[in-house]
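As given, the protein sequences belong to chains A and B, one line each in that order.
Just so we're aligned: 143 in full-length UniProt numbering is position 143 of the first sequence, and the numbers increase by one with no gaps anywhere.
Just so we're aligned: 54 in full-length UniProt numbering is position 54 of the second sequence, and the numbers increase by one with no gaps anywhere.
Please note that a few of the clues may not be correct.
Copies of the same chain look alike in the list, so a pair counts if it fits in one copy or across any two.
Stated by the list, open to error - List of simulated lysine-lysine pairs, BS3-like, C-alpha gap at most 30 angstroms:
| id | residue 1 | residue 2 |
| --- | --- | --- |
| 1 | Lys193 | Lys108 |
| 2 | Lys187 | Lys24 |
| 3 | Lys163 | Lys24 |
| 4 | Lys187 | Lys119 |
| 5 | Lys119 | Lys193 |
| 6 | Lys163 | Lys10 |
| 7 | Lys163 | Lys72 |
| 8 | Lys119 | Lys170 |
| 9 | Lys193 | Lys72 |
| 10 | Lys24 | Lys10 |
| 11 | Lys170 | Lys24 |
Rather than coming from a laboratory, the hints here were simulated on the basis of the structure.
2 protein chains.
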Amino acid sequence: MGTAAVAPWKQLLFGAIEANSHLKHSSYAQLATIGVNGRPSNRTVVFRHFQICVGIDLVEFGSVSLQIQELKLCPFSEMCWYFSDTWEQFRINGRVEVIDASSSDQTKLQRAWFANSLKSRLMYICPAPGTPYNGEQPNQEVNLDPSSGPVADYCLLLLEPEKVDYLNLKSNQRLLFSSMTSGTGEKCWTSEKVNP
Amino acid sequence: MGTAAVAPWKQLLFGAIEANSHLKHSSYAQLATIGVNGRPSNRTVVFRHFQICVGIDLVEFGSVSLQIQELKLCPFSEMCWYFSDTWEQFRINGRVEVIDASSSDQTKLQRAWFANSLKSRLMYICPAPGTPYNGEQPNQEVNLDPSSGPVADYCLLLLEPEKVDYLNLKSNQRLLFSSMTSGTGEKCWTSEKVNP
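Isolated chain A, as found in the complex (with noise of 0.2 angstroms):
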């Protein structure tokens, strides 16, 4: 076992991201939460990039239906990402924050709002995800002015990983990554070596 004040599973997995990026879908993980019902929920979500020192961003998959709701009541998800090409999967577990139009700081909103092509933002003005589908044809004509901010319904999530569960199926090796708080309030991390 080991201890380290920098996130030793930062570097697996910025080595994994490397060595899979010309697979499009090595972008692609699964987020794991509880539903409003008790019952798990599961969907694929988009990695954007890291916030330093913070966490994961993440952009649902496809639509904007991830049920902000059921976040808020219970913010502790799973992210379970596999790379098929170097057989490694990162089992990523913490808190998901989300950051919307209710959310003091704005700038995060803005910036990823605007990194978003057009086409992407147009999404987000599509009627509500998950409601019955009215024979209405989305407004492709829809004029969006490119300066103009996040809509309403625009959102992003911070994975705040507590905990990294990392197997590769190569190396047959797996590691458990865990972190503990400091009185100052620093993150500190352990790894473990365990049985695959």
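Please arrange chain B on chain A, whose structure you already have, making use of the hints.
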């Protein structure tokens, strides 16, 4: 909305499996459950096959570390299966039955065990997954009699779908399938087109 006795999402899933079969990772999906600590848990599983009229056969990916205990406490799960070539996502929600040495029906377990290669069967006689690694290399020389039945740690997961959320990102379509059980115990499916 329509109703049907035969699970209508199965045709879509068969189609996706077929169309993505050239990609090895297309048989991998992520299974979310609720851990013994009440938090979400998520891991890659391998699709084996359909049990006619019953459900979806799965084995855990690369190891036997799935906390069977957590499934016995809370059998609910959601499997998220993304097909990267056809841009289709299936979120299959239902109960998972664990079939192990203590189950009354040993036929399924025996059949699944013998369908594994000898090399795969050896994985189940490695040291307990998740326990500290003591430096010992798994004994590759272990002799396993090819005619021996399942070892005590071997188990099979059977997911019985109750709801399926289908999203097609190429056609931008989303369908929700829900099941109801009739008085005579027969399952009936309804489907609804919703906004993606």
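How the hints compare with the structure:
1. Lys193 - Lys108: For lysine 193 and lysine 108, the Cα distance exceeds 30 angstroms both inside one copy (36 angstroms) and across copies (34 angstroms).
2. Lys187 - Lys24: For lysine 187 and lysine 24, neither the intra-copy (32 angstroms) nor the inter-copy (38 angstroms) Cα distance is at most 30 angstroms.
3. Lys163 - Lys24: both (26 angstroms within a copy, 29 angstroms between copies)
4. Lys187 - Lys119: Result: close neither inside a copy nor across copies, 39 angstroms intra and 41 angstroms inter.
5. Lys119 - Lys193: between (45 angstroms within a copy, 23 angstroms between copies)
6. Lys163 - Lys10: Within one copy only: 12 angstroms inside a chain, 36 angstroms across chains, cut-off 30 angstroms.
7. Lys163 - Lys72: Intra 20 angstroms, inter 23 angstroms, cutoff 30 angstroms: intra and inter.
8. Lys119 - Lys170: Classified as between; 15 angstroms across copies, 39 angstroms inside a copy.
9. Lys193 - Lys72: Cα proximity of lysine 193 and lysine 72: across copies only (27 angstroms, versus 34 angstroms in one copy).
10. Lys24 - Lys10: both (20 angstroms within a copy, 27 angstroms between copies)
11. Lys170 - Lys24: both (21 angstroms within a copy, 15 angstroms between copies)
The structure is inconsistent with the numbered hints 1, 2, 4, although it conforms to all the rest.
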